[in-house]
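**Q** Chain by chain, the residues run as shown.
2 protein chains.
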Amino acid sequence: MKSKSLGIVETKIAKLGNLVLESGVSIPLEIAYETYGTLSPNKDNAILICHALSGDAHAAGYHINAERPGWWDEYIGPDKAFDTNKYFVVCSNVIGGCKGSSGPLTINPATGKPFASSFPFVSIGDMVNSQKKLLDYLGISQLFCVAGGSMGGMQALQWTVAYPEVVRKCIVLASTSEHSAQQIAFNEVGRQAIMSDPNWNNGNYGNNPPKKGLALARMVGHITYLSDESMREKFGRNPPRGNIQNSEFAVGSYLVYQGESFVDRFDANSYIYVTKALDHFSLGKGKELSQRLSKVRSEFLIIAYSSDWLYPVYQSREIVKALEVNAVPVSFCEINFPKGHDSFLIYNPEQEHLIRHFLTSEFRQNFSI
Amino acid sequence: MKSKSLGIVETKIAKLGNLVLESGVSIPLEIAYETYGTLSPNKDNAILICHALSGDAHAAGYHINAERPGWWDEYIGPDKAFDTNKYFVVCSNVIGGCKGSSGPLTINPATGKPFASSFPFVSIGDMVNSQKKLLDYLGISQLFCVAGGSMGGMQALQWTVAYPEVVRKCIVLASTSEHSAQQIAFNEVGRQAIMSDPNWNNGNYGNNPPKKGLALARMVGHITYLSDESMREKFGRNPPRGNIQNSEFAVGSYLVYQGESFVDRFDANSYIYVTKALDHFSLGKGKELSQRLSKVRSEFLIIAYSSDWLYPVYQSREIVKALEVNAVPVSFCEINFPKGHDSFLIYNPEQEHLIRHFLTSEFRQNFSI
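Note that the protein sequences, when read in sequence, are chains A and B.
When the letters of the first sequence are read in order and numbered with my numbering, they come out as residues 958 to 1326.
When the letters of the second sequence are read in order and numbered with my numbering, they come out as residues 958 to 1326.
Hints listed in this document are in silico derivations from the structure and should not be mistaken for laboratory results.
Careful: at least some of the hints might be erroneous.
Pairs count within a copy or across copies, as identical chains cannot be separated in the list.
Below, simulated DSS-like cross-link-like pairs (lysine-lysine); rule was C-alpha separation at most 30 Å, straight line [claimed, not checked]:
(1) 1043 to 1090
(2) 1191 to 1242
(3) 1252 to 1242
(4) 1070 to 1089
(5) 1233 to 1296
(6) 1244 to 1089
(7) 972 to 1089
(8) 1278 to 1296
(9) 1168 to 1233
(10) 1278 to 1191
Because the structure is a prediction, the values reported are computed rather than measured.
With the rest of the complex left out, here is chain A (with noise of 0.2 Å):
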């Protein structure tokens, strides 16, 4: 184990009754969750951590007897940028997800089977009303901060548009007030490989998934989350390694070994739920985005990576513009960084320096708890 980990941790469930969507469909909800740090008496300390596409509660610290720490672990923890000393953080799976929240795996009550794809369609407003639900559960009614990259990056945007009373600072990663129309065709590509898989049958694949389509949707996911350039340093043009015969160059087999991997640990229902979620995510552009920001009470902080071609740059300058536009204040820092749309997850001193810097300087925002 790391030094300056947080330890051993582990994922609660917590019933929260029934949560109306935005659709005006009800669901059952249960929220899988991570608390590391502790709450302040006053309770003005605690940060929601927001996760992406594939991510999970386990955003820090270790299960037992895990080898890998949380997805977030190098930024979350005792004296990291998330410093666990100080503040209270938290991290909770997305509903439609498949790591314990409400999602197509959940048993539906009417049928005692799960209900597949006959889950209702989650927005990216309902993951966050279902995260306020979860914070009125633990009592917290105050965020110190509330941050994300990609997917978590629009929850955060989505939190100071639905709760503006609640946030005090967001950060946005490596993310879009809206999907491109080639976000959306990466990810309709993978929701057309599931379900082209003879074992799709409608979401209704029991024990049986469409393994192929789901390792297909990732292999192509996981192309957009690298850079070329970190694609070249990794791999080049070289074979592959030992006696793989899948593919005839590395970074083939290095897509095919991904892709595999990821349907022993993701639902293909929730990987189309959650792309759907994300690509109908939309505060608009430009002057829509502007007057839909025009009552967050938060202060941001916007990072975006100059290799990441998924999520490029103008989409954050995007925010940033609509934000001065409402003289909200706003840091925005470009990073150079070679890793693509992952450099978020990834350690790197400009990150969490920003982070930290963030977190302890003065609010500029005349905003009272």
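With chain A fixed as given, assemble chain B onto it according to the hints.
**A** Below, chain B without anything else, positioned relative to chain A:
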């Protein structure tokens, strides 16, 4: 029919005996080709056009009863950039393909059945060698010019290396001296999609082809041929038009349509053979590339598109640099046209002007025909 068209043209087949591939394996060689214009008495006006991944010999003019002309009709014809009043233009289908030249659909004389996946691996060098045989058959010993975009550009480059004494001018559009890991990765996903299809049967699918896999491969490819900007302009975040139910977004619906229509005109084995030829092609980079290009005697026009993220401009610059190291005359132009990798296929006046000017300019190379 448009004005200034070549009018009705037809694809011919040349039976050319056997071709010994670079691997040492011999294949029966047939080449599908078209010619436009007239070969001059001293046979010094021949231009070879090389097509890209899914192209064919039908580069210009109209087939009988066809509504759409050949794939580069905007650039080939009377008074066009490749002016058929002046030049004798030849375009042939690549071997390994499925549009009439030898490939997986060819009948294996030993079995009386299509070679299918028993067809031997074909390289870009083999494609060029087969074109050389076609030119010999047509009585053409010198090429006034060889030109192509994407995979066609690789063939054009290879021509100048393999037959330096034959090629006078060479035009390379939106291409590269070798695929990057990212380019290989996109092709690999396409191949994996085909091989994941339950109809695949190791390539011996007969009349029951892996249509869904091939459609997925095409969908992935299609995204990479367009630019972020052109997709935004064409589709934005719009829902599909009409009653189309295969996607919730116009861009998804378009991709599904593109995938489904592709399977009617392309063979899955050929897709694998041709993408492997692309991925294995390598003239190297930097010093290695300079050495490989040290014997070329052609002069070059290299065109790259700033919106082409699949074949980024830096790859064209690599070629230019290596030519300049060898003091080979080269004109380089980066065109600002928003259509992504597909730009070279689409009419734009800048490309037309550059090609026309390059063809009519005096030779700077010390080249005696």
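**Q** Which numbered hints are broken by the structure, listed smallest first?
**A** none
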